[in-house]
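> From first to last, the protein sequence lines stand for chains A and B. Our numbering applies: residue 1 is where the first sequence begins, and numbers increase by one. Our numbering applies: residue 1001 is where the second sequence begins, and numbers increase by one.
Keep in mind that a hint or two might mislead.
Stretch by stretch, here's where chain A covers chain B in the computed footprint (C-beta under 8 Å, at least three residues) [said to hold, decoys possible]:
#1 1054-1061
#2 1195-1207
Pairs of lysine to any residue residues, derived as SDA-like cross-links and limited to a Cα-Cα distance of at most 25 Å, are as follows [to be verified]:
#3 A/Lys419 / B/Glu1083
#4 A/Lys419 / B/Ser1101
#5 A/Lys452 / B/Gly1104
#6 A/Lys452 / B/Thr1150
#7 B/Lys1006 / B/His1225
#8 A/Lys419 / B/Gly1020
Don't read these hints as lab results, they were simulated from the structure. No residue lacks a Cβ here, since even glycine has one placed at the ideal position from N, Cα and C.
The primary structure of each chain is shown beneath.
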Amino acid sequence: MSTGFDESSTLAAVHSQLGEINKYDFRTDSPAVFKARRGLDASIVSQISEMKGEPAWMRDFRLKSLEIFESKPMPHWGGHVGIDFQDIFYYLKPAEQQGKTWEEVPDAIKKTFDRLGIPEAERKFLSGVKAQFESEVVYGSLQEDLAKKGVLFTDTDTAVREHPDLLREYFGKIIPPTDNKFAALNSAVWSGGSFIYVPKGVKIEFPLQAYFRINAESMGQFERTLIIVDEGAQVHYVEGCTAPMYSTESLHSAVVEIVVKRGGRCRYTTIQNWANNIYNLVTKRAMAYGDSMMEWIDGNLGSHLTMKYPAVYMMEPGARGEILSIAFASAGQHQDAGAKLVHAAPHTSGRIVSKSISKNGGRASYRGLVRVEPGAKKSKSSVVCDALILDDRSRSDTYPYIEIEEQDVSIGHEASVSKIGEEQLFYLMSRGLSEAEASTMIVGGFIEPLVKELPMEYAVEMNRLIELQMEGSVG
Amino acid sequence: MTHAAKETLVVSNLHVSVDGQEILKGVNLEIGRGEIHALMGPNGSGKSTLGYAIMGHPSYEVTSGTIELVDADGTRHDILAMEPDQRARAGVFLAFQRPMSIPGVRLADFLRHAVTNVRNPDRKEGHELMPMRDFRTELKSKMGELSMDTEFARRYVNDGFSGGEMKRAEILQLAMLRPKFAVLDETDSGLDADAVRLASESIARIGGAEMGILIITHHEQLLEHNIPLKTHVMLGGKIVESGGPELAQELHKRGYERIRAAYPEAAAAEKAMEESARAVSV
Ligand SMILES: Nc1ncnc2c1ncn2[C@@H]1O[C@H](COP(=O)(O)OP(=O)(O)OP(=O)(O)O)[C@@H](O)[C@H]1O
Ligand SMILES: [Mg+2]
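With the sequences and hints as input, model every part of the structure.
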């Protein structure tokens, strides 16, 4: 890894090095003095801001957001959010999060790490045993090269301190706190997340991910990510990782804001595999300007309830938006996932492809919106959502909303719901595949069109995850 | 009962129903390894049903009778107690009249699983697959013998295949899995003249002296290189007559009138089946 920009610097190589190097390299913080208490009020929000040493504008933004949060009703759509907002720690200093030991991590999670072959160092990070992930050694050269090109890549807390101009221009502008109750909550108590700025014309050839940041804070409950892709620039960001994310806190509510300026390209890939107790309520939105391209690739597994509808607002002619979404709902899980496309200018085009799988009583819903603003002539959108239901106890729903305020447009919508066919199973079994193998293969085939869009390593992990999810599902 | 000196697939007095409707009404058949049998009969007489019952399709309920694999030493294995995948691992194969498409699953991936399981009958899920390199080499050579482009293995199983491509893919699976007993259900339909000849030669080569094959067909060409030891005629859910290769030729030339006249009971059953099928579709 001399420059980190050549073809050979695949993520897989990086991962394996990470495993080696980080054995020795965890940073040990001295324990923090601050002890947060449960609950949410103005004094806690101020305290969070103060602890982070934030400027007044951010503190005021947080306090304002808290008021909005308190005034907003719970969303009436999606799933039931059974959360007592006063019974949650809204901010834990890294040192406190680190209090947990490896022994406390549930066996099921450890087993899954084994099956996925996640390196030791990452396991501890992912399960919250280690809060900080010293990546300087591994990614030093990448960081250097990015810096040379003028790319900014830090955690968002650092960005507030070091890049106030950019932050004040964009932070909370794409998704204002007034957008929805959970966006307001995140705006009040956010911590961590990534900040990326890609300057004009700079194309980053390999996928960026949080690991590359120096001193990344642990995947927080209320992450806040902001990505600015300047004119003609290009970036692919990969969020999180496919390992099961285990956390003792049950509410996770992230906000991701993206701006793609004229001629820019941004692809944002997420595969999340939450533990079964998690409420994962995420707001993701991108503003795409002239002739730019924004793609969301969003995979959701696990969690108790996920509500997530990545959006692309196409603001100027020639903007394109594409959202590929995969949801897998198993026992006790409700995936309310989907997408939003807003055509706010003429000659914009969008595409939504959603695939959901439900089994063992799980529930997968597609909830999507295509909106064409008045004057957005010659806009094109297509929506395809396919659901696969593995047994009679499981459920799939489709809630497609279409709002068209312009005549001269072309909008297509196709939806299908299917069960694993007895005939297909029989065909595969007649060739020696067990029923479980055959079902897994059919499910794998069902999501194949989306999985092949993933970077290689993630595609492999995604398939392994599906295999894990399918285990013991039949028989 | 014969005491075969070679492994045999034995179907005795088999009755099969679909949705409570009896289709097979007492079928008897014995095929030894290395033997080729032809099964003919008018449309709807129950030929495919026999194939499905042998392979274990869940919609085809065996109400009485047996299907067994009998080893050379006389040991009997009850096929009916096995799931379809266990039957495959025991050496039974069905080339489908209408193969299912499995979108998103590449033919090569599917075949690698199939071959691994069939060759290691005790393999558990998640255990290692046949080494990629060995598999590829073998697949490539088999595809070559069938004049198939290796790129074809990257396509999704039967998804958008032409009729001929589907049948060729079934023969490829036969070649890779090398079962002890194979039912080929109209593997010649949908093939052009050259392809039928190629299929006929390939099946003869793949089958060799090791495989017992039941060829279900409405044509003669497949039997050119696969001269049947016996030809069976099914009518109204029963095998009513068996003979040599000349019987196949006769049926092909003259149709089933003589048969219907000779076996009025089966002909009546055929009529009844047709009527009930019509009743269902109305
Ligand atoms: N799954 C099914 N559901 C309903 N009826 C069925 C089913 N399978 C077979 N049958 C009926 O059983 C009878 C025999 O069908 P089968 O497919 O075995 O005939 P076949 O001899 O293979 O005919 P062909 O030469 O046309 O292929 C027909 O009347 C058919 O309609
Ligand atoms: Mg048939």
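> Indicate, hint by hint, whether the structure satisfies it.
Consistency of the hints with the structure:
1. 1054-1061: Holds, because 5 residues of the stretch 1054-1061 of chain B bring their Cβ atoms closer than 8 Å to Cβ atoms of chain A.
2. 1195-1207: violated (count 0)
3. A/Lys419 / B/Glu1083: 21 Å, holds
4. A/Lys419 / B/Ser1101: 14 Å, holds
5. A/Lys452 / B/Gly1104: 10 Å, holds
6. A/Lys452 / B/Thr1150: 21 Å, holds
7. B/Lys1006 / B/His1225: Roughly 23 Å between the alpha carbons, so the hint for B/Lys1006 and B/His1225 holds.
8. A/Lys419 / B/Gly1020: Since the Cα atoms of A/Lys419 and B/Gly1020 sit roughly 24 Å apart, the hinted pair holds (cutoff 25 Å).
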